[in-house]
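Take the given structure of chain A and dock chain B to it, following the hints.
Residue numbers (numbering that gives the first Met the number 0), protein chains in the order written: chain A, 0 to 67; chain B, 0 to 413.
A few of these clues could be false.
[To be verified] Looking from chain B toward chain A, a few residues come up when the C-beta cut is under 10 Å (computed):
1. Phe-67
2. Leu-98
3. Met-99
4. Leu-137
5. Pro-141
6. Phe-142
7. Ile-145
8. Thr-146
9. Ala-148
10. Thr-155
11. Ile-295
12. Lys-379
13. Asn-381
14. Met-396
15. Ile-404
In short, the hints are calculated from the structure, not lab data.
Positions of the beta carbon are idealized from the N, C-alpha and C atoms, including for glycine.
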Amino acid sequence: MNEAISLSFVTTIITIIISFFIAFIVKLMTVVLHKFTKESNITTTTGSVQSSDESEIAAVIAIAKSKQ
Amino acid sequence: MNLETFFSAFQGIQAMMASPPQMVLARIGLILLGFLLIYLGKKGVLDPLLMIPMGLGMSVINASVMIFDPLNLHGGLGTLFVEAQAGASGDRIKDAADLMYILGIDWLQPIYTFTFSNGLIACLVFLGIGALLDVGFLMARPFMSITIALFAEIGTLITFPIATLFGYNIKQAAAISTIGGADGPMVLFTSLKLAPELFVPIAIIAYLYLGFAYGGYPYLIRFMIPSKKIRGTPMKPDTSTNKISSGQKMTFAVVACVILCILLPVASPLLFSLFLGIVIRESGIKPFQDLLTGPILYTATLFLGLMLGVLCEANTILDPKVLPLLILGVLSLLLSGIGGIIGGYLFWFFSGKKINPVIGIAGVSCIPTTAKVAQKVVQKDNPQAIVMQFALGANVMGVITSAIIAGVFCSIIK
Numbered sequence: 000m001n002e003a004i005s006l007s008f009v010t011t012i013i014t015i016i017i018s019f020f021i022a023f024i025v026k027l028m029t030v031v032l033h034k035f036t037k038e039s040n041i042t043t044t045t046g047s048v049q050s051s052d053e054s055e056i057a058a059v060i061a062i063a064k065s066k067q
Numbered sequence: 000m001n002l003e004t005f006f007s008a009f010q011g012i013q014a015m016m017a018s019p020p021q022m023v024l025a026r027i028g029l030i031l032l033g034f035l036l037i038y039l040g041k042k043g044v045l046d047p048l049l050m051i052p053m054g055l056g057m058s059v060i061n062a063s064v065m066i067f068d069p070l071n072l073h074g075g076l077g078t079l080f081v082e083a084q085a086g087a088s089g090d091r092i093k094d095a096a097d098l099m100y101i102l103g104i105d106w107l108q109p110i111y112t113f114t115f116s117n118g119l120i121a122c123l124v125f126l127g128i129g130a131l132l133d134v135g136f137l138m139a140r141p142f143m144s145i146t147i148a149l150f151a152e153i154g155t156l157i158t159f160p161i162a163t164l165f166g167y168n169i170k171q172a173a174a175i176s177t178i179g180g181a182d183g184p185m186v187l188f189t190s191l192k193l194a195p196e197l198f199v200p201i202a203i204i205a206y207l208y209l210g211f212a213y214g215g216y217p218y219l220i221r222f223m224i225p226s227k228k229i230r231g232t233p234m235k236p237d238t239s240t241n242k243i244s245s246g247q248k249m250t251f252a253v254v255a256c257v258i259l260c261i262l263l264p265v266a267s268p269l270l271f272s273l274f275l276g277i278v279i280r281e282s283g284i285k286p287f288q289d290l291l292t293g294p295i296l297y298t299a300t301l302f303l304g305l306m307l308g309v310l311c312e313a314n315t316i317l318d319p320k321v322l323p324l325l326i327l328g329v330l331s332l333l334l335s336g337i338g339g340i341i342g343g344y345l346f347w348f349f350s351g352k353k354i355n356p357v358i359g360i361a362g363v364s365c366i367p368t369t370a371k372v373a374q375k376v377v378q379k380d381n382p383q384a385i386v387m388q389f390a391l392g393a394n395v396m397g398v399i400t401s402a403i404i405a406g407v408f409c410s411i412i413k
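For reference, chain A alone in the conformation it holds in the complex (with noise of 0.2 Å):
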């Protein structure tokens, strides 16, 4: 029990170290990059729909944005 608590406040800390790290590097790089993109290659979430679970998806975020 107190081996398997250790291992997992352990996992739970590499855990957060990792995701905030890869947080980071998202923020990071959408700030760099969009300085360099051109608007031409923006795309959008809706234009490669695949399954009907995407389909659904692809539905409300369209009414999303019909609402802005």
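Quick look at chain B alone, frame taken from chain A:
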């Protein structure tokens, strides 16, 4: 002609008569459970893609037991489907010989040996899922998505030590706790790496419970967020996702994949499969996209369901180690759901009540089921509220967080 000769013409009945009574009852129970899964799959209560092949496989495997045991593993009884224990004795020469022998007998053995026991099936499913994922939702709000996803891993992290109280060793407990991540391929991968002896029951219970999550989580949301007004909190329509180009998404996928593989090489097959799917989606290679999201994903899902069903033989399920799994699986998913909603509440509170706490449930990485659950619950209380985009960000990050935890488990637990 005596009665014995007569029954030898019907080997299934003969095998039933040769089995202990509790085994016969278990087999009949599993045949009926298979029927129930098919029915619930057809009705849409459970995922039909998995449950229909799984249900039929479960019924048929328990019906087609006969007096046949080429490797002498089950006291003279066996089937012509698959032998999961072949090649698991630890003696490499004997294992190789057993595998070669059984590959020529059991018709599903090649699928099991070459796609299940090495984790390939989980990677194939992840390739397909990756090709369906839009990481733009995550990239638009990385810190919120990640925080919610981390809260929704509470079930995994708490169930892990609790499982050791039920007599499981550290590796088995870690494998069981990954059910809380609510990510099928991840559960398959981790249990195959850490506790192959429990892979079958863990995988079956994980997929069964994931099926029920769609029906059960709305009750948990309503219980934890009793106020209709809070549940229906409208969120400002999001425009940031549209500003993220496919090039940015692709760059993120490539960089994140390489970084995560450096950090967690044990989970690199799974991480690589997921990010390869994302890269293919964003690169716009239509033939590859169609291949991954169609034939590969559906073939892998069909064989996953079928194999999980045929592995549900009464011998496996009657193992005393299986029963506590039923409790631990529910506990793990319940705690993850609670954790996710707590994460949602935190954002609701700190954003000045502008973020709907229901999106917290989407941190549980059963993609896109939990995001759809969040939208369904919110829309019921406020038909004008759209939270899907925000929920999907947490959902996508949930998959990545589950992969990180699987990688950490496989790396630190020896």
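Right, here's what the structure says about each hint:
Because the beta carbon of Phe-67 of chain B sits about 41 Å from the nearest beta carbon in chain A, more than 10 Å, this interface hint is broken. Annotation: Leu-98 of chain B was flagged as interfacial toward chain A, and the flag is violated, the nearest CB pair being 33 Å apart, outside 10 Å. Taken as an interface hint, Met-99 of chain B does not check out: its beta carbon lies about 38 Å from the nearest beta carbon of chain A, beyond 10 Å. The beta carbon of Leu-137 of chain B comes within 7 Å of a beta carbon in chain A, closer than 10 Å, and the hint placing it at the interface holds.
Given the 10 Å rule on beta carbons, the hint for Pro-141 of chain B holds: about 4 Å separates it from the nearest Cβ of chain A. Satisfaction of the interface hint for Phe-142 of chain B is found here, the shortest Cβ-Cβ separation to chain A being roughly 5 Å, below the 10 Å cut-off. Taking 10 Å as the C-beta contact cut-off toward chain A, the hint placing Ile-145 of chain B at the interface holds, the least distance being around 4 Å. With a cut of 10 Å, the hint placing Thr-146 of chain B at the interface with chain A holds, because the nearest CB-to-CB distance is about 9 Å.
Interface hint status for Ala-148 of chain B: upheld, as the beta-carbon distance to the closest one in chain A is roughly 7 Å, under 10 Å. A hinted interface residue such as Thr-155 of chain B counts as satisfied when its beta carbon comes closer than 10 Å to some beta carbon of chain A; here the least separation is about 8 Å, so the hint holds. Using the Cβ-Cβ criterion of 10 Å, the hint placing Ile-295 of chain B at the interface with chain A is not satisfied: the shortest such distance is roughly 12 Å. Restraint check, Lys-379 of chain B versus chain A: the minimum CB separation of about 14 Å is more than 10 Å; hint violated.
Taken as an interface hint, Asn-381 of chain B does not check out: its beta carbon lies about 13 Å from the nearest beta carbon of chain A, beyond 10 Å. Because the beta carbon of Met-396 of chain B sits about 8 Å from the nearest beta carbon in chain A, less than 10 Å, this interface hint is met. Taken as an interface hint, Ile-404 of chain B checks out: its beta carbon lies about 5 Å from the nearest beta carbon of chain A, inside 10 Å.
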